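Colleague: Which chain is which? The protein sequence lines are G and B, in order.
The numbering of the first sequence is the numbering used here, which starts it at 19 and goes up by one.
The numbering of the second sequence is the numbering used here, which starts it at 3 and goes up by one.
Please note: incorrect hints may appear among the correct ones.
[To be verified] Away from chain B, derived, C-beta distances all over 12 Å, residues of chain G:
(1) Ser60
(2) Arg69
(3) Glu76
[Claimed, not checked] In silico DSBU-like pairs for lysine-lysine, Cα to Cα no more than 30 Å straight-line:
(4) G:Lys26 with B:Lys335
(5) B:Lys132 with G:Lys35
(6) B:Lys51 with G:Lys35
(7) B:Lys295 with G:Lys26
(8) B:Lys420 with B:Lys295
(9) B:Lys396 with G:Lys35
(10) B:Lys348 with B:Lys396
Derived by calculation from the structure, the hints in this document are not laboratory data.
Predicted model only: the values in this text are computed from it and were never measured.
Virtual Cβ for every residue (Gly too), placed ideally from N, Cα, C.
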Amino acid sequence: MDVSAEAKRIMVQALSKMYSSRTQRGGLRLHRSLLLTLVMKSAREMYHGARAAEGDKENQGGRGPAASDRRCRKRLGQATSEPDFLPCKKAKMDPEGLRRAAGSDSRRGTALFTRSVIF
Amino acid sequence: MAGTGAGGNDVQWCFSQVKGAIDDDVAEADIISTVEFNHSGELLATGDKGGRVVIFQQETENKCQPLSRSEYNVYSTFQSHEPEFDYLKSLEIEEKINKIRWLPQKNAAQFLLSTNDKTIKLWKISERDKRPEGYNLKEEDGRYRDSTTITTLRVPVFRPMDLMVEASPRRIFANAHTYHINSISVNSDNETYLSADDLRINLWHLEITDRSFNIVDIKPANMEDLTEVITAAEFHPHQCNTFVYSSSKGTIRLCDMRASALCDRHSKLFEEPEDPSNRSFFSEIISSISDVKFSHSGRYMMTRDYLSVKIWDLNMENRPVETYQVHEYLRSKLCSLYENDCIFDKFECCWNGNDSVVMTGSYNNFFRMLDRSQRRDVTLEASRESSKPRQVLKPRRVCAGGKRKKDEISVDSLDFNKKILHTAWHPQENIIAVATTNNLYIFQEKVN
Numbered sequence: 019m020d021v022s023a024e025a026k027r028i029m030v031q032a033l034s035k036m037y038s039s040r041t042q043r044g045g046l047r048l049h050r051s052l053l054l055t056l057v058m059k060s061a062r063e064m065y066h067g068a069r070a071a072e073g074d075k076e077n078q079g080g081r082g083p084a085a086s087d088r089r090c091r092k093r094l095g096q097a098t099s100e101p102d103f104l105p106c107k108k109a110k111m112d113p114e115g116l117r118r119a120a121g122s123d124s125r126r127g128t129a130l131f132t133r134s135v136i137f
Numbered sequence: 003m004a005g006t007g008a009g010g011n012d013v014q015w016c017f018s019q020v021k022g023a024i025d026d027d028v029a030e031a032d033i034i035s036t037v038e039f040n041h042s043g044e045l046l047a048t049g050d051k052g053g054r055v056v057i058f059q060q061e062t063e064n065k066c067q068p069l070s071r072s073e074y075n076v077y078s079t080f081q082s083h084e085p086e087f088d089y090l091k092s093l094e095i096e097e098k099i100n101k102i103r104w105l106p107q108k109n110a111a112q113f114l115l116s117t118n119d120k121t122i123k124l125w126k127i128s129e130r131d132k133r134p135e136g137y138n139l140k141e142e143d144g145r146y147r148d149s150t151t152i153t154t155l156r157v158p159v160f161r162p163m164d165l166m167v168e169a170s171p172r173r174i175f176a177n178a179h180t181y182h183i184n185s186i187s188v189n190s191d192n193e194t195y196l197s198a199d200d201l202r203i204n205l206w207h208l209e210i211t212d213r214s215f216n217i218v219d220i221k222p223a224n225m226e227d228l229t230e231v232i233t234a235a236e237f238h239p240h241q242c243n244t245f246v247y248s249s250s251k252g253t254i255r256l257c258d259m260r261a262s263a264l265c266d267r268h269s270k271l272f273e274e275p276e277d278p279s280n281r282s283f284f285s286e287i288i289s290s291i292s293d294v295k296f297s298h299s300g301r302y303m304m305t306r307d308y309l310s311v312k313i314w315d316l317n318m319e320n321r322p323v324e325t326y327q328v329h330e331y332l333r334s335k336l337c338s339l340y341e342n343d344c345i346f347d348k349f350e351c352c353w354n355g356n357d358s359v360v361m362t363g364s365y366n367n368f369f370r371m372l373d374r375s376q377r378r379d380v381t382l383e384a385s386r387e388s389s390k391p392r393q394v395l396k397p398r399r400v401c402a403g404g405k406r407k408k409d410e411i412s413v414d415s416l417d418f419n420k421k422i423l424h425t426a427w428h429p430q431e432n433i434i435a436v437a438t439t440n441n442l443y444i445f446q447e448k449v450n
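Work out the full structure, taking the sequences as your base and the hints as a guide.
Modeller: Shown next, in the form of structure tokens:
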């Protein structure tokens, strides 16, 4: 829970810093934006890993394959809903992009935010 | 080399001077953003967030006595850069001076390069200590004389006047960088220099402003694939074909311009594997290199990341030959430093004249002297409390945990708003310039 809470806090702060850097004098700093994106990626992976581990613990013992399928669907369903750490104003993203972003595809990890900081 | 050039623990450092306002209320424009000695050490230039350059000159009175005290006084002040607006992108371009680099002196005048985020300027600083007098057609104040009163002809002569130092922009190198310039470096050929931004490095000729050659381009075809940026670049001090650039991933690439016109493929890659036991959320941030500097000899280079200074031998790529922890006690505080943005601070580092000691800044107005030859280090502080003339600086100690000893300061008491990001070391003598937020401290070796 601690890891998950810390990861969530770090993600919230990263988003906040990224939004505030848009109004900074001199414009967006690419280096800073990239570092925030990398922190965001680490924290997100940790967050989802911790949440998945909690989900595993809750469903432990006496459950068959059908239950694990339900668990998978449940996890997928959670990923498609709006993450609770996002502020009200968020970068536009299609549902497909949200599902991809919530997954653990590390190759596209930075795409989530570099898209919004490209200039 | 004149002077011992040694520092660290054999040398006792004394306060010499402090420049800048005493007020605790700091005007943002007065925040010092770069400090640089010229090649002789006679001149010391500072740049600030307001786009101004202030040059101090060492007094020459007692220069014949090498161990005497010499003071730096204001020599010239000028507005180098003004705020601009990029209308296409609706972005303001800050006037903050990111870097100053001196050109080697060729004649009576001095030249320096100063840069903000987008534009580099070549400034000529020259002295005028005489002026022509005795014009036939003009009065001394410039008014034209009544031609009917002119009955004789005379040759104007130069007469002494009060010294005037003039700074004039000789070249403006603009419109070559899409991203923010972080480095400039003058080549040893004294004809070219490089400028580096987050993704590209350009090579310029000092005489030519309307074009530059792109020599490094790490911009990916798809910006979504961006994984690292360039953080610093520098030419080798003697080999005009060689330069290095550091990255946000903690790597340094050495490039040889003879190999190809575009140096995207490095000749050497300096990288140390990460210690897995130190892995954290913030590993990528703290491994980003904020400064890279060649030694005067050209055999070594030094890199600064958030927590450490590393010395690399150019002949060995797989690990640094020396690693010094600057403020390891901050490793357990990275989360707080991330919250207050301090983790993004970019510290610089510098070598002393004979490459035996390196120096870098820290928080609470502390700065660190790392003696390579004796493998010892000392922490000193730049503060108004220790600014009596010739007052010897006392070493400072930080208590990382446990019982705090007398004279130690605990990590939680450190003032993270007081940071020393910029330092410079006189090329020949034991004189250092240390920039706090808006003050410039000059310390010298204790003279008995």
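Colleague: State for each hint whether it applies.
Modeller: Results of checking the hints against the structure:
no. : hint                   : in the structure
1   : Ser60                  : violated (5 Å)
2   : Arg69                  : holds (16 Å)
3   : Glu76                  : holds (25 Å)
4   : G:Lys26 with B:Lys335  : holds (18 Å)
5   : B:Lys132 with G:Lys35  : violated (56 Å)
6   : B:Lys51 with G:Lys35   : holds (22 Å)
7   : B:Lys295 with G:Lys26  : violated (38 Å)
8   : B:Lys420 with B:Lys295 : holds (24 Å)
9   : B:Lys396 with G:Lys35  : violated (38 Å)
10  : B:Lys348 with B:Lys396 : holds (26 Å)
In this structure, the hints that do not hold are numbers 1, 5, 7 and 9, in rising order.
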